[in-house]
Amino acid sequence: MSNTELDAIYLTIALASITTVLLLIVSTPLAWWLSRRRGSVSALLEAVVAMPLILPPTVLGFYLLLLFAPDTFLGRLWQQLTGSQLAFSFSALVIGSVIYSLPFVVQPLQTAFERIPHNLLQASATLGARPLDQFRSLVLPLSRRSFVTAASLGFAHTVGEFGVVLMIGGNIPGETQVLSIALYDSVESLRFNEAHRLAGALVVFSLALLFLLYRRDRQSAWRVRA
Amino acid sequence: MAGACLNALTLDIKCSGNNGFSLEVNCQLSANAITAVYGPSGSGKSTLLDCIAGLRQTASGSIIRLNNETWQDASNTMPVWQRHIGYVFQDARLFPHLNVQHNLDYALTRRPRSVDIQLEQVINWLELDELLSRSTDTLSAGQKQRVAIGRALLSAPQLLLLDEPLANLDHAARQQCLRCLQRLSQELQLPMLYVSHDIEEVSQLADHLLLLEQGRLVEQGSLLALCSTLDTRLSREEQAAAIVTAKVSQHDMKYGLSELTVDGHSVWVNHLPHAIGQSRRIRIPARDVSVCLRRPLDSSILNILPVSVVEIEDANTARLLLRLSLGSQYLLARITRKSCVQLGLRVGDKIYAQIKSAALLMESTDPA
Numbered sequence: 001m002s003n004t005e006l007d008a009i010y011l012t013i014a015l016a017s018i019t020t021v022l023l024l025i026v027s028t029p030l031a032w033w034l035s036r037r038r039g040s041v042s043a044l045l046e047a048v049v050a051m052p053l054i055l056p057p058t059v060l061g062f063y064l065l066l067l068f069a070p071d072t073f074l075g076r077l078w079q080q081l082t083g084s085q086l087a088f089s090f091s092a093l094v095i096g097s098v099i100y101s102l103p104f105v106v107q108p109l110q111t112a113f114e115r116i117p118h119n120l121l122q123a124s125a126t127l128g129a130r131p132l133d134q135f136r137s138l139v140l141p142l143s144r145r146s147f148v149t150a151a152s153l154g155f156a157h158t159v160g161e162f163g164v165v166l167m168i169g170g171n172i173p174g175e176t177q178v179l180s181i182a183l184y185d186s187v188e189s190l191r192f193n194e195a196h197r198l199a200g201a202l203v204v205f206s207l208a209l210l211f212l213l214y215r216r217d218r219q220s221a222w223r224v225r226a
Numbered sequence: 227m228a229g230a231c232l233n234a235l236t237l238d239i240k241c242s243g244n245n246g247f248s249l250e251v252n253c254q255l256s257a258n259a260i261t262a263v264y265g266p267s268g269s270g271k272s273t274l275l276d277c278i279a280g281l282r283q284t285a286s287g288s289i290i291r292l293n294n295e296t297w298q299d300a301s302n303t304m305p306v307w308q309r310h311i312g313y314v315f316q317d318a319r320l321f322p323h324l325n326v327q328h329n330l331d332y333a334l335t336r337r338p339r340s341v342d343i344q345l346e347q348v349i350n351w352l353e354l355d356e357l358l359s360r361s362t363d364t365l366s367a368g369q370k371q372r373v374a375i376g377r378a379l380l381s382a383p384q385l386l387l388l389d390e391p392l393a394n395l396d397h398a399a400r401q402q403c404l405r406c407l408q409r410l411s412q413e414l415q416l417p418m419l420y421v422s423h424d425i426e427e428v429s430q431l432a433d434h435l436l437l438l439e440q441g442r443l444v445e446q447g448s449l450l451a452l453c454s455t456l457d458t459r460l461s462r463e464e465q466a467a468a469i470v471t472a473k474v475s476q477h478d479m480k481y482g483l484s485e486l487t488v489d490g491h492s493v494w495v496n497h498l499p500h501a502i503g504q505s506r507r508i509r510i511p512a513r514d515v516s517v518c519l520r521r522p523l524d525s526s527i528l529n530i531l532p533v534s535v536v537e538i539e540d541a542n543t544a545r546l547l548l549r550l551s552l553g554s555q556y557l558l559a560r561i562t563r564k565s566c567v568q569l570g571l572r573v574g575d576k577i578y579a580q581i582k583s584a585a586l587l588m589e590s591t592d593p594a
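Protein chains in written order, with this note's numbering: chain E, 1 to 226; chain Y, 227 to 594.
Simulated from the structure, these hints should not be mistaken for laboratory data. Mixed in with the good hints there might be a few duds.
[Said to hold, decoys possible] Cβ pair distances, simulated, as ranges: (1) Y:Thr335 x E:Val26: 27 to 33 Å; (2) Y:Leu414 x E:Ala47: 51 to 57 Å; (3) Y:Thr303 x E:Leu66: 20 to 26 Å; (4) E:Pro117 x Y:Asn233: 32 to 38 Å; (5) E:Thr111 x Y:Val444: 44 to 50 Å; (6) E:Val41 x Y:Gln254: 56 to 62 Å; (7) Y:Gln283 x E:Leu24: 50 to 56 Å; (8) Y:His423 x E:Pro117: 21 to 27 Å; (9) E:Trp33 x Y:Ser359: 34 to 40 Å; (10) Y:Gln283 x E:Val41: 18 to 24 Å; (11) Y:Asn294 x E:Trp33: 50 to 56 Å; (12) E:Gly83 x Y:Asn244: 55 to 61 Å; (13) Y:Ser359 x E:Pro117: 22 to 28 Å; (14) Y:Asp342 x E:Trp33: 40 to 46 Å.
[To be verified] Residues on chain E that point at chain Y, a partial pick, calculated with CB under 10 Å: (15) Pro117; (16) Ala123; (17) Ser124; (18) Ala125; (19) Thr126; (20) Leu127; (21) Gly128; (22) Arg130; (23) Asp133; (24) Gln134; (25) Ser137; (26) Leu138; (27) Leu142; (28) Arg144; (29) Ser146.
Cβ atoms here follow ideal geometry from the backbone N, Cα and C, with glycine treated the same way.
Please put together the full structure from these sequences, using the hints given.
Written as structure tokens, this is what we have:
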């Protein structure tokens, strides 16, 4: 394997890992909020979160590219804070990936939270548990499996993204050239051996991850529910 | 309300629910007793408990105060987790991801201060030692409810709320839970509010009674007094019954009977498992009491007690209630108006009340 390929693999794993961690941090309160509210505001927010499911990734990428440009507010702010430009950077990829994979993490968590009986939370409140304590001692353990599912889906989906990355990341080896882009690059330049290796690795990775997820769900299908 | 009251639960609750239902309860309860909240289903009993616990929002102007601590007034609502209440729900609400021991620990680790109630005591009272390592979904309904009661006690509550805790239990489990609750009420100085629509349960446990109907408080007072008064909602019900306290005085193994004394008068009932000298409440349904002017000498009925007529219900119905005094306690008798006229009954008359022995039983006699 060439250095460019190893770089691409490393970059992909780094991007997916960082994105997954950020997604869990952002999605947990968001999913909790959505699971407890019924109204127009939450419906609108739910729709926004779900948009990446139907929008072509290039649409999202296009708007993010405009937003990240050096002459926008965000672009200037970023430049001031970090000293480097946002567009075509690894950071831009992370932001784009978080938005793009958001529904894959929020939705399983929201479903899990909705299934937690409200009356158990009431019971724990009468036993002296504050809201954060209730979340930690009841909600987290009761939705543990959904967290694993959400994290896996977020990770896998980030590994598989292409359109958004291409639009906002460009194709800079070592900075923004992730696996899917490297594959596209090798096909464009007719390096089919390289393309086979990359594509094969992605197929094996996806199949293995999904197999593990589905097998686990089947083995002990959601026992923790009253 | 004037001044702070020690040992009192002060309630002035307004709360509106679905379909135009509204709850309005204004009363002050002694905080060292077991108070039963009794009434037909839909009368707002559980809503009242939820309001007290803070699980349900009350309308503005509501006041909830326990001793000197204000839980709810015009400006403040104390959150549920600061009220230090124990709440036993009708559906035990054990945490499914924790086993029995860990469910109990959940309460122990969160209780505010070290108190007298110890884990070993609770396990002992509620007969939980066999269950500790069990997963909650392997428990029967009765076992779940006992664990739930234990969990609530271990949180060291200053007030225990019980919302029909025995409603889903079969007869045997119900009797076992009742025994446990009776034991608790004797061992602990813990005020309890006990919601039930079962007058039998209420008669066994409660000292005081709140009677709710359609969200309004219609009667309140001491259980024994309320049960033997003619013009209450309780006496109007078909199962109207007086409650008297009696002491076990001897067991007659030959005939399988036990003798109780009620103010010096002996009453025979089916054999009871209790030791001699123990005090018991017995419930005597008005329809099982008949009266006669002279003591019958050849009746099959064992319990014939000298009573005097205290009050005769002034009603134009075919049947009416008599209030009879037996020493310092009272019995109710439901007889036809025709008999009342034929016997020429008047207030102050000394007559005899006949009670069917079976009617005295309110507790399962099998000690198993």
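Evaluated hints:
Threonine 335 (chain Y) and valine 26 (chain E) have their C-beta atoms about 31 Å apart, which keeps the hinted 27 to 33 Å range intact. The hint said 51 to 57 Å for the Cβ distance between leucine 414 (chain Y) and alanine 47 (chain E), and at roughly 54 Å that hint holds. Hint check: threonine 303 (chain Y) to leucine 66 (chain E), Cβ distance near 48 Å, so the stated range 20 to 26 Å is violated. The hinted range of 32 to 38 Å is satisfied by proline 117 (chain E) and asparagine 233 (chain Y), whose Cβ atoms lie roughly 36 Å apart.
A C-beta distance of roughly 46 Å is found between threonine 111 (chain E) and valine 444 (chain Y), which places it inside the suggested range of 44 to 50 Å. The beta-carbon spacing between valine 41 (chain E) and glutamine 254 (chain Y), approximately 43 Å, falls outside the hinted interval of 56 to 62 Å. At about 33 Å, the CB distance of glutamine 283 (chain Y) to leucine 24 (chain E) disagrees with the hint of 50 to 56 Å. A hinted range of 21 to 27 Å holds for the C-beta pair histidine 423 (chain Y) and proline 117 (chain E), which are about 24 Å apart.
A hinted range of 34 to 40 Å holds for the C-beta pair tryptophan 33 (chain E) and serine 359 (chain Y), which are about 38 Å apart. Separated by about 21 Å at the C-beta atoms, glutamine 283 (chain Y) and valine 41 (chain E) satisfy the suggested range of 18 to 24 Å. Taken as a hint, the range 50 to 56 Å is violated for the pair asparagine 294 (chain Y) and tryptophan 33 (chain E), whose Cβ atoms sit roughly 37 Å apart. For the pair glycine 83 (chain E) and asparagine 244 (chain Y), the supplied restraint of 55 to 61 Å holds, since their beta-carbon distance comes to about 60 Å.
The given range of 22 to 28 Å is respected by serine 359 (chain Y) and proline 117 (chain E), whose C-beta atoms sit roughly 24 Å from each other. Here the CB-CB span from aspartate 342 (chain Y) to tryptophan 33 (chain E) is close to 41 Å, well matched to the stated 40 to 46 Å. Annotation: proline 117 (chain E) was flagged as interfacial toward chain Y, and the flag holds, the nearest CB pair being 8 Å apart, inside 10 Å. The restraint placing alanine 123 (chain E) at the interface with chain Y holds, with a minimum CB-CB distance near 4 Å, inside the 10 Å limit.
Because the closest C-beta pair between serine 124 (chain E) and chain Y is about 7 Å apart, less than 10 Å, the hint holds. For alanine 125 (chain E), the interface hint holds, since its Cβ comes within 10 Å of a Cβ in chain Y; the closest pair sits about 4 Å apart. Hint status for threonine 126 (chain E) relative to chain Y: holds, with the closest Cβ pair at about 4 Å, below 10 Å. Interface restraint check: leucine 127 (chain E) against chain Y, minimum CB-CB distance 5 Å, threshold 10 Å, status holds.
At a threshold of 10 Å, the smallest CB-CB gap from glycine 128 (chain E) to chain Y is about 4 Å, leaving the interface hint in force. For the restraint placing arginine 130 (chain E) at the interface with chain Y, the shortest Cβ-Cβ distance is roughly 5 Å, inside the 10 Å limit, so the hint holds. Because the closest C-beta pair between aspartate 133 (chain E) and chain Y is about 8 Å apart, less than 10 Å, the hint holds. Look at glutamine 134 (chain E): its Cβ gets to within about 8 Å of chain Y, closer than 10 Å, so that hint holds up.
Interface restraint check for serine 137 (chain E): the shortest CB-CB distance to chain Y comes to about 7 Å, inside 10 Å, so the restraint holds. With its C-beta approaching chain Y no nearer than about 7 Å, leucine 138 (chain E) sits inside the 10 Å limit, and its interface hint holds. Against a cut-off of 10 Å between C-beta atoms, the interface hint on leucine 142 (chain E) holds, since the closest Cβ of chain Y lies about 6 Å away. Hint status for arginine 144 (chain E) relative to chain Y: holds, with the closest Cβ pair at about 8 Å, below 10 Å.
Look at serine 146 (chain E): its Cβ only gets to about 13 Å from chain Y, farther than 10 Å, so that hint breaks.
Checked against the numbered hints above, the structure violates hints 3, 6, 7, 11 and 29; every other hint is satisfied.
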